[in-house]
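Peer 1: Take a look at the letters that make up each chain.
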Amino acid sequence: MHNPQLNADGELQHLLTLEGLPAEIIGRILDTAVPFVSIAERDVKKVPLLRGKAVFNLFFENSTRTRTTFEIAAKRLSADVINLNIGVSSTAKGETLLDTIDNLVAMNADMFIVRHGQSGAPHLIAQHLSATNRSHIHVVNAGDGRHGHPTQGLLDLFTIRHYKRHFRELTVAIVGDVLHSRVARSLIHGLTTLGTPEVRVIGPQTLLPTAVAALGVHVFHDMRQGLAGCDVVVMLRLQSERMKGSLLPSAGEFFKHYGLTVEKLKLAKPDAIVMHPGPMNRGVEIDSAVADGTHSVILPQVTFGIAVRMAVMSILAGN
Amino acid sequence: MKIEIRNGRVIDPKHGIDRKASLYIAAGKVAAVGEAPGGWHANRVLDAAGLVVCPGLIDSSARLREPGFEYKATLESEVAAAVAGGVTSLACPPDTDPPLDEPGLVQMLKHRARSLNQAHVYPIGALTVGLKGDTITEMGELTEAGCIAFSQADAALADTQVLLRALQYAATFGYRVWLRPQDVHLARGGVAHDGEVATRLGLPAIPAFAETIALDAIFELVRATGVHVHLARLSTHDGVARMRAAKKAGLPVTCDVAIHHVHLCDVDIGWFNAHCHLVPPLRGTRDRAALRAGLVDGTVDIICSDHTPVDDDAKQLPFAEAEPGATALELLLPLTLQWAKEEKLPLSAALDRITAAPARVLGLDAGHLAPGADADVCVFDPDLHWVVAPSALRSQGKNTPFLGLELSGKVRYTLVGGQVVHEG
Chain A
1 MHNPQLNADG ELQHLLTLEG LPAEIIGRIL DTAVPFVSIA ERDVKKVPLL
51 RGKAVFNLFF ENSTRTRTTF EIAAKRLSAD VINLNIGVSS TAKGETLLDT
101 IDNLVAMNAD MFIVRHGQSG APHLIAQHLS ATNRSHIHVV NAGDGRHGHP
151 TQGLLDLFTI RHYKRHFREL TVAIVGDVLH SRVARSLIHG LTTLGTPEVR
201 VIGPQTLLPT AVAALGVHVF HDMRQGLAGC DVVVMLRLQS ERMKGSLLPS
251 AGEFFKHYGL TVEKLKLAKP DAIVMHPGPM NRGVEIDSAV ADGTHSVILP
301 QVTFGIAVRM AVMSILAGN
Chain W
320 MKIEIRNGRV IDPKHGIDRK ASLYIAAGKV AAVGEAPGGW HANRVLDAAG
370 LVVCPGLIDS SARLREPGFE YKATLESEVA AAVAGGVTSL ACPPDTDPPL
420 DEPGLVQMLK HRARSLNQAH VYPIGALTVG LKGDTITEMG ELTEAGCIAF
470 SQADAALADT QVLLRALQYA ATFGYRVWLR PQDVHLARGG VAHDGEVATR
520 LGLPAIPAFA ETIALDAIFE LVRATGVHVH LARLSTHDGV ARMRAAKKAG
570 LPVTCDVAIH HVHLCDVDIG WFNAHCHLVP PLRGTRDRAA LRAGLVDGTV
620 DIICSDHTPV DDDAKQLPFA EAEPGATALE LLLPLTLQWA KEEKLPLSAA
670 LDRITAAPAR VLGLDAGHLA PGADADVCVF DPDLHWVVAP SALRSQGKNT
720 PFLGLELSGK VRYTLVGGQV VHEG
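As given, the protein sequences belong to chains A and W, one line each in that order. Reading the first sequence from the start, the letters are residues 1 to 319 in my numbering. Reading the second sequence from the start, the letters are residues 320 to 743 in my numbering.
Chain A extracted, bound-state conformation:
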């Protein structure tokens, strides 16, 4: 299938999904991110790679963390950053998604960072730019519906590689609401592309997509079985509107079956790491003792997230 995020030379033109992204490109992004981690520790936290470039943060859906980390990443690359909370501006006045894009292009945007509630919105924007001969403008998917969140997937991969060195012998469990999770989909594609031998998803049938096994994962409904022997445990956020209703009876019952506790974590390998894309619901998907415990790498994830986003933006700007 045609991969709309690569240009004619096979280089990264947009970052829309980790599905079908070649392992070499993923590896290059992760390698590029390594020196960016140390930039954050310097007094002057800036490099001039995106000087003079206009990066538009286009958030059609509310987000604080992702938008902030993209903003910091772009600023550390010396770009001019414009934040737009579209959810409360133009679309409320009836402007279509592509009209908004055309207007921002007219303001000489170089890169769009897009968060949208609908799966496929960043693809639509990239196709529109390509169809109107403006494909030099890059699109970065910052989360679209349930589909993908590739920079989150990349920062998760970066974190795993940082602590576990390589992927070839790992067992990774992803726990919770996989059905609605773009984070899970992106991470699964990234892990399988890099050759992770065992990727597991753990959750009740109501929160797993019907054909999830076709993504190359092993399905567990019993968390204790699923955690056995894991090197990496990734907990997913459970949206509050899904805690009660026909998907789940209550947050309490969810925590009982699928919340990560110190006791359950003992079933994983002794040196297992625990990850979470944030923001966490303490006492719903994860116990505070785990979130703040020695296995947790949740805060380093945030730090690495900035470096990974810097890597993505600098690579795109160079192509």
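Where hints are given, some of them may not hold.
Claimed, not checked - For each label pair, taking beta carbons as the anchor points, the in silico distance ranges come out as:
id : chain 1 : residue 1 : chain 2 : residue 2 : range
1  : W       : 535       : A       : 270       : 48 to 56 angstroms
2  : W       : 503       : A       : 293       : 46 to 54 angstroms
3  : A       : 318       : W       : 435       : 53 to 61 angstroms
4  : W       : 423       : A       : 96        : 34 to 42 angstroms
5  : A       : 206       : W       : 503       : 47 to 55 angstroms
6  : A       : 41        : W       : 503       : 55 to 63 angstroms
To be verified - The following residues of chain A were derived to be distant from chain W, with all beta-carbon distances above 12 angstroms:
id : residue
7  : 72
8  : 78
9  : 110
10 : 182
11 : 204
12 : 218
13 : 262
14 : 291
15 : 295
16 : 302
Stated by the list, open to error - Chain W is faced by these chain A residues, among others (derived, beta-carbon under 10 angstroms):
id : residue
17 : 96
18 : 100
19 : 103
20 : 104
21 : 106
22 : 147
23 : 189
If you're looking for bench data, these hints aren't it; they were derived computationally from the structure. We put the CB at the ideal spot given by N, CA and C, even for glycine.
With the hints as your guide, set chain W onto chain A.
Peer 2: Same frame as chain A, but now just chain W:
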């Protein structure tokens, strides 16, 4: 006016005719096939050498968008598209705005269509007022106004008690009911087939059993009421299996499939191609294979275009927000020919699915070329290749998953009631 369509390959599936012959038309009717009637003198001769001469196509579902959605398409634009595609009769579903639930609306539609003097338009009336699913419509009045059947279009009835009563009422007077089998609750919010593609793309899904559960319920109600039900737009493997069993058991049921579902499946959605956002959703490859097998063995009676013109603005949105539907009146013939070629079917068997079979289901004396029949005729070049492009389509709707595809089969002449209404 006497017209002679000379030396074409005349195919009349209903009467098993497939031979090189001339077709003689006089006073709007078929006068003869093969031998010229005594004292024949044609006012006009259409040279059909190398062309196929068949009954005008009958499309069991084409949305004309009137009344209410004239910005998407109009009766003028869509009947012009119909005859350009060789379609001489079409049934239009009631999901207009307002829905076709009052005799006045139906009369107006019939009147406007007649005044255009092109394809015959057969409205399908709303089964319930406003398609809302609680009050049944005046089916008697609507039938007198010109409705040939009653349906809920895509607004499937959630309330099975209302459905039972609607079917009982229709059965009492012998009206036909068309239902699209889909469980409302299981389909809620879904935009794609519940399978690998929807899982990958993170699209809200509609499980295949949303169709079979609805079919099982409908078959039970058919058993209870004896009403003739036509199942519209079958989409699943198990749906075809249920249909086959129901027909074997002697239930008075028929069904159709949209031409898109004969050729496409969910994989064609690719990276969120909104042209493939259709209702019902494109299913898996196994479902498509079953639909095709059902068409070959007669379980599926009809191929329809399910023509739904959608404007560009409504399609240039993220997949789930894009309006479902595709333009198809002008693609029904070439895509049916393509299917026949792929399945190595005789042309006559393929054309049956878009001529004689829909005539039977719609209860029309049309779709054949026996002497005395209305001279609704399609003359096409089966070997002429053309590329599907917006400029090649008469329909106001330009959106179709087949854009850019080269197809063979182009209509050269369309006749309605013995008059040439399209020359291509």
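Peer 1: Can you let me know if the beta-carbon spacing of residue 41/A and residue 503/W is within 55 to 63 angstroms?
Peer 2: holds (57 angstroms)
Peer 1: State, for the Cβ atoms of residue 535/W and residue 270/A, whether the hinted interval 48 to 56 angstroms holds or is violated.
Peer 2: Because 53 angstroms falls inside the window, the suggested range holds.
Peer 1: Hold the hint about residue 106/A up to the distance rule: shortest CB distance to chain W must be less than 10 angstroms.
Peer 2: With a minimum Cβ separation of about 18 angstroms from chain W (threshold 10 angstroms), the hint on residue 106/A is violated.
Peer 1: Quick check on residue 103/A please, does its C-beta sit within 10 angstroms of some C-beta on chain W?
Peer 2: violated (15 angstroms)
Peer 1: Check the following: the C-beta atoms of residue 503/W and residue 293/A are separated by a distance inside 46 to 54 angstroms.
Peer 2: holds (47 angstroms)
Peer 1: Confirm or reject: residue 262/A is not an interface residue toward chain W, with every Cβ-Cβ distance exceeding 12 angstroms.
Peer 2: holds (33 angstroms)
Peer 1: According to the definition I'm using, a residue is off the interface if its beta carbon is farther than 12 angstroms from all beta carbons of the partner; does residue 78/A meet that for chain W?
Peer 2: Given a closest Cβ separation of 32 angstroms, the condition holds.
Peer 1: Identify whether the interface hint at residue 96/A stands, where standing means a beta carbon of chain W within less than 10 angstroms of its own.
Peer 2: With Cβ-Cβ at 7 angstroms, under 10 angstroms, it holds.
Peer 1: Mind checking the CB of residue 189/A against every CB in chain W and telling me if the closest is under 10 angstroms?
Peer 2: Cβ of residue 189/A sits 9 angstroms from chain W, so the hint holds.
Peer 1: Taking the minimum C-beta separation from residue 295/A to chain W, is that value above 12 angstroms?
Peer 2: holds (29 angstroms)
Peer 1: I want to verify a distance hint. Is the separation of the beta carbons of residue 423/W and residue 96/A within 34 to 42 angstroms?
Peer 2: Distance hint for residue 423/W, residue 96/A holds at roughly 36 angstroms.
Peer 1: Report holds if the minimum CB distance from residue 72/A to chain W is greater than 12 angstroms, and violated otherwise.
Peer 2: Check passes; 27 angstroms lies beyond 12 angstroms.
Taken one by one, the earlier hints fail for this structure at numbers 5, 10, 18, 19, 20 and 21, listed in ascending order.
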